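Chains as they are written, first to last, in numbering that gives the first Met the number 0: chain A, 0 to 467; chain B, 0 to 384; chain C, 0 to 392.
These are calculated hints, taken from the structure and not from any lab test. These numbers come from a predicted model, not from an experiment. Treat the hints with caution; some may be incorrect.
[Said to hold, decoys possible] With a Cα cut of at most 25 Å, we get these calculated PhoX-like pairs of lysine-lysine: (1) B/20 / B/10; (2) C/114 / B/364; (3) A/15 / C/33; (4) C/114 / C/270; (5) C/236 / B/124; (6) C/270 / C/245; (7) A/273 / C/176; (8) A/300 / A/319; (9) C/33 / A/129; (10) A/273 / C/334; (11) C/217 / A/101; (12) C/114 / A/332; (13) C/176 / A/101; (14) A/329 / C/337; (15) B/137 / C/270; (16) A/273 / A/183; (17) A/183 / A/447; (18) A/332 / C/223; (19) A/103 / C/217; (20) A/266 / C/78; (21) B/368 / C/223; (22) C/176 / B/137; (23) B/170 / C/176; (24) A/103 / A/15.
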Amino acid sequence: MDVIILSPLENVIIEKLAEIVGEQFISTDDADLVSYSSDFMIDVFLKPDVVILPENTPQIAAIVKLANENSIAITPRGAGTATHGGSIAQGGILLDLTRMNKIKELDPISMIATVEPGVVYEDLNRITGKSGLWFPIEPPSGAVCTAGGMVGNNASGLMALKYGTTKDYVLALEVVLADGSIIKTGKSVLKSSSGYDLVHLFVGSEGTLGIITEITLRLIPKPMHLSTAFASFPSLNGLNDAMNAIYEIRRVLTPAGIELIDLQTQKAINEVEKEKLVPEVEILVIFEIHEFSAAGLEDQKDLIEGVARKHNCNEIHWAKDDEERDRMWKARKAATVVSVRSRTSTLLGDLIVPIKHVPAIIRFIQEVAREKDLLISIVGHAADGNIHYLIPFNQNESKKAFDAGDAIVYKTIELGGSITAEHGVGLEKIKYMELEHGESLSLMRAIKKILDPKGIMNPGKIFPAEKQ
Amino acid sequence: MSEVSFKNLIKVKESLDTCFKCSLCKGNCPVSEQIFWATFSPRGKMLILRSLLRGQGTLTDRVRDSLYTCTLCGNCDNTCIAGISVTDVLAAGRRDLYEARKAPESVNSLISTIKESGNVFDLTKEDMDILGLNPRMKFSENADLLFFKGCYATYHSIPNESTMRSFNLLKTLNVDFTILEAEECCGSPAYLLGDMDTTKRFCEYNVSKIEETGASRVVTACPGCYRVLKQVYPQLVGTLNFEVIHITELLAEYIDEDRLVFKKTGNDKLDVLYHDPCELGRHCGVYDAPRKILESIPEIHLEEFDKNRDEAKCCGGGGGLTISNPNLANQIAQLRLQEAEEKNIPTVVTACPACQLNFSASKDKYNMKVKILDINQLVGSVKGL
Amino acid sequence: MNNEKQFPNLSNMRDRIIECVKCAFCKADCVISKELLWESASPRGKMLLLRGLLDGFGTLTEKTIKSLYNCTFCGECVKDCLAGISLEDVFLAIRKDLFNLSQENKLSESAIIHKVDMLCQRLQENYNPLGNLPEERTIWELGQDIKLPRTAEIVYFVGCMPAYYRKSARTTSQILKALNANFTTLGSSERCCGSLSFFLGDEKTTKELAHYNITRIKESGAKKVVTSCPGCFSMLKREYPKILGKKSEFEVMHISELLIEFLEKDQLHCKSELNLSVMYHDPCELTHFDIYEQPRRILKEIPGIKLLENSENATPTCCGGGGGLMSLDVNLSTKIAKRRLETALDLGAEALITCCPACIAAFTSAAMEYNMPIKIIDLLDLVLQSLENKIEN
């Protein structure tokens with residue numbers, strides 16, 4: 000493969016870009032370059048050459064065409080709430096898609112919505128909710144993250160166990176390809192056996208294959224009866240108890256979500272939030288259940304409680320009302336950051352293993368923490384095998400922290416898992432791509448080459464640099 | 000040519016014929032100082048009206064524009080060596096235009112506003128409540144003196160609550176007075192813009208309401224109201240059963256009778272310039288009363304504009320100019336205020352809420368440092384009272 | 000490059016800035032982010048800009064400065080912050096630094112800084128941010144028939160907007176009169192509470208005003224200070240003790256709290272002929288003191304008022320006028336107000352009720368500018384109306 004050389008942005012190009020979107024929506028001001036220089040958690044700061052807020056697909060097509068002709072890098076971005084640096088760019092054009100925030104069509108009969116990529120997740124659900132419909136991913140960043148970003152990273156959330164991930168809801172896409180042409184792939188139908196599934200090629204491609212400019216989503220009815228419980232597993236063997244309970248429950252029913260929080264994280268939550276949001280026990284499990292009837296909800300509760308108690312759960316507390324439910328989820332959401340406070344950097348992991356290996360990988364992480372003398376907190380979507388670990392560190396501990404991260408990833412691969420379940424690869428997990436994908440990475444490269452021969456689409460992400 | 004009957008203009012035909020076009024009127028005209036086109040000078044207006052009356056002219060938009068670009072300040076009348084009242088001629092022309100529905104749209108819309116709401120600012124009593132601009136005090140029921148509030152002094156906040164200040168001032172002086180609960184516009188704007196029907200309607204309404212109270216004296220703080228009540232009402236409904244005075248005349252009376260004495264307060268001396276409102280001064284001849292008040296305040300040192308009393312320049316806000324051409328109105332005000340700045344006298348006192356409003360607007364627009372005070376505002380704030 | 004010397008206040012916040020995990024949750028309820036799509040306008044964007052300024056990665060362009068002043072200090076971002084950072088403190092710190100730099104003529108080419116300077120200067124000259132004459136501070140007393148004693152139990156701290164715009168001062172004093180409260184004011188010797196200079200980072204002016212007003216209040220001998228303006232309330236209650244470094248010798252209350260006292264003593268009886276569906280708007284500076292229930296309780300006392308609440312009321316949204324934004328960028332603040340009014344209209348409200356003169360000004364101009372069919376009513380007006388009905392009956 001040729002070595003890709005991208006060009007710096009010349010003023011004349013910037014003027015042409017300004018003609019496309021209007022002076023008001025293009026900026027090379029340092030204020031904007033800095034503002035778009037980073038995203039969630041990652042400790043990398045890169046400035047693009049120019050930031051553009053396009054309004055519609057033709058504008059994007061014109062921008063991409065111009066960029067392709069002049070070999071200029073283009074990095075698309077939604078709300079910038081991913082954690083891997085996929086939406087930041089060293090030079091080139093940064094395309095902020097949040098201005099394209101229209102819901103183009105809501106068809107409550109077919110239960111399908113067609114949206115622009117900048118639509119905010121919760122805004123979409125506010126509108127679909129009026130028809131009783133729901134796009135059920137529930138990412139913790141739902142109040143800000145965009146549909147385009149979710150598709151680009153194949154995001155998921157706290158309810159993935161029952162409802163799956165973003166890819167399960169994407170029916171069709173409109174994409175601007177690297178040469179500026181516009182394609183539509185997929186139909187507003189629930190099934191299709193017609194040829195290659197290009198829709199799912201673009202889902203999770205992190206902007207490296209094209210710019211997604213329109214998304215057609217499948218919606219489902221929103222369940223009316225919800226409940227949430229904290230289940231405490233206090234024994235030193237709490238992890239095994241909890242997982243055994245989860246395995247048994249999963250064989251008979253599918254709760255919306257099952258979350259697991261370790262003792263260290265529970266303590267941090269209570270300390271930081273200055274109220275006792277969570278009990279402090281060896282392992283805390285959160286059960287979220289959704290049903291369409293109150294009776295069904297009660298049945299689920301009974302079943303879960305019975306099984307949990309069988310496995311040494313000493314207390315299971317169901318939320319009395321919505322307010323208490325909100326408090327419970329507030330605690331879970333806080334878990335992401337409580338342990339990283341007052342540290343300069345954090346390494347955030349997003350591994351996933353077959354669920355039978357959950358206890359093994361958690362034990363391994365705890366082992367690494369002890370060995371390297373690091374505080375590693377663990378929260379996870381336990382029931383689907385997706386475990387997040389957070390390693391906060393100060394500058395002088397960085398080698399130690401990255402070594403720990405590497406060790407955990409190697410173990411994950413060894414257990415048959417994947418390096419990222421829902422966050423994406425971006426910049427930060429490139430180094431593990433070869434390890435996870437082996438030969439099939441070459442096929443991915445080949446696909447990229449066909450769609451983006453000049454390599455202008457979000458360069459430097461997903462793929463490791465090729466060895467000469 | 001025309002769909003306009005000129006039945007008013009024909010009454011002043013003699014004046015139009017007498018004008019020998021010397022153009023001296025231009026010398027003191029505030030509009031001519033700003034607009035170089037002869038079309039807009041008093042002489043230009045006379046020529047236009049003469050040609051219209053003789054059927055030689057065409058009523059173009061520019062013609063209408065010219066006739067409504069005038070503050071009716073009356074300086075031209077004073078200057079005219081032929082002794083013509085130019086403003087009377089112009090008023091007649093405006094009436095003919097208005098009656099033929101040829102007045103500019105801004106004029107028509109203001110008049111319909113006044114007709115509907117009973118005031119210039121299109122505010123109801125409820126609106127005034129919302130703005131917090133209604134008084135909360137008790138008024139006498141059968142007083143001999145009635146205070147006529149007026150729109151500018153009451154409804155607009157820039158003249159700084161002139162009406163409320165008058166109330167407080169009268170109460171301080173223990174004057175027993177009443178007001179009209181449902182007072183309507185005096186009719187002055189309609190009069191100046193040429194709508195005599197509306198003027199008459201307001202006149203009849205207010206006169207009957209005032210007469211119901213049995214008051215024998217009507218005092219007002221607004222020279223516009225003052226002139227219409229004093230000069231125009233009798234023309235419309237005959238001799239009135241009550242006397243009309245301006246608040247400065249009332250205060251001067253109290254000073255003469257030693258019922259209003261300003262004591263020394265030891266405050267710093269304040270140099271002020273008094274600006275004669277056209278309708279109070281030139282049109283009604285009240286020059287001395289406001290000066291007497293100012294001179295009797297120990298801390299105040301009264302200075303005069305170069306052009307004062309019957310030669311005083313207009314503030315620019317008269318004759319409906321703030322409606323037909325607000326920018327021009329502000330420019331005229333700026334010129335007057337500049338003199339105060341040049342004289343280094345930081346305070347201009349006037350006795351007219353409309354002057355105060357237009358001066359203030361101009362001051363803000365051109366970022367000038369002069370302070371504009373209404374005379375009742377000044378008197379009310381004197382601590383030695 | 001290290002800029003800590005240039006930004007001493009910001010440098011003290013370095014840890015807060017580094018703690019930002021850039022999650023962007025702050026964006027969700029930020030009224031500025033809803034109007035301006037640029038990331039630089041969002042709280043997260045500002046945090047990145049500040050981080051850039053501290054470590055030399057970013058430069059202080061005019062747009063950077065503008066962004067730092069595009070904030071109403073409503074506090075929503077603080078509630079949403081995953082990392083628990085008090086962003087307001089950070090944003091205030093940089094404003095202090097920028098103000099101090101401007102005093103050394105270091106930012107003379109910035110139009111925004113120039114405006115900030117001008118506003119603070121106007122405040123220093125006239126003791127009010129509106130540019131009105133200090134001796135006219137008592138203009139609201141005209142036509143009111145209220146006799147204010149020299150000393151009294153309660154001092155009504157009028158505040159600039161209520162005093163010069165008159166309405167709020169008149170209503171409040173008439174309510175206090177109708178309730179036979181033993182109250183007075185500081186008259187024309189009252190000065191601005193310093194809220195604007197506080198938010199614009201002018202510590203010196205704020206401090207002078209605080210000392211001055213505290214002295215006047217002390218001289219009055221009052222044990223209780225009541226405000227009708229939440230901005231004054233916040234300054235007197237929270238900032239003055241901080242500035243003076245000691246607890247106040249008097250109690251500070253918002254009028255809505257005082258009315259609850261009267262209500263509980265069964266001295267506030269509301270009668271009304273009104274039949275109105277309303278939404279209550281929480282002024283940000285009252286929510287910072289957890290004053291949510293008091294105004295609602297008063298509203299519920301007024302017969303005929305139907306109080307509509309929506310789920311979003313739980314997270315109050317700003318009128319757009321706070322933090323000096325109304326003075327610095329009135330277009331932006333009016334757009335924010337418009338969005339809030341749209342919420343009220345969607346809810347089916349005929350009127351929006353609030354009890355903050357700044358919110359009322361912002362909403363009134365938005366309703367006028369965008370021609371929106373909704374009334375903006377001061378809670379205090381409703382109270383006064385019903386009190387007066389009672390007196391007449």
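Structure-based check of all given hints:
| no. | hint | verdict |
| --- | --- | --- |
| 1 | B/20 / B/10 | holds (20 Å) |
| 2 | C/114 / B/364 | holds (17 Å) |
| 3 | A/15 / C/33 | violated (28 Å) |
| 4 | C/114 / C/270 | violated (46 Å) |
| 5 | C/236 / B/124 | violated (37 Å) |
| 6 | C/270 / C/245 | violated (42 Å) |
| 7 | A/273 / C/176 | violated (44 Å) |
| 8 | A/300 / A/319 | holds (13 Å) |
| 9 | C/33 / A/129 | holds (22 Å) |
| 10 | A/273 / C/334 | violated (37 Å) |
| 11 | C/217 / A/101 | violated (57 Å) |
| 12 | C/114 / A/332 | violated (41 Å) |
| 13 | C/176 / A/101 | violated (53 Å) |
| 14 | A/329 / C/337 | violated (31 Å) |
| 15 | B/137 / C/270 | holds (23 Å) |
| 16 | A/273 / A/183 | violated (51 Å) |
| 17 | A/183 / A/447 | holds (18 Å) |
| 18 | A/332 / C/223 | violated (43 Å) |
| 19 | A/103 / C/217 | violated (62 Å) |
| 20 | A/266 / C/78 | holds (21 Å) |
| 21 | B/368 / C/223 | violated (39 Å) |
| 22 | C/176 / B/137 | holds (15 Å) |
| 23 | B/170 / C/176 | holds (20 Å) |
| 24 | A/103 / A/15 | violated (28 Å) |
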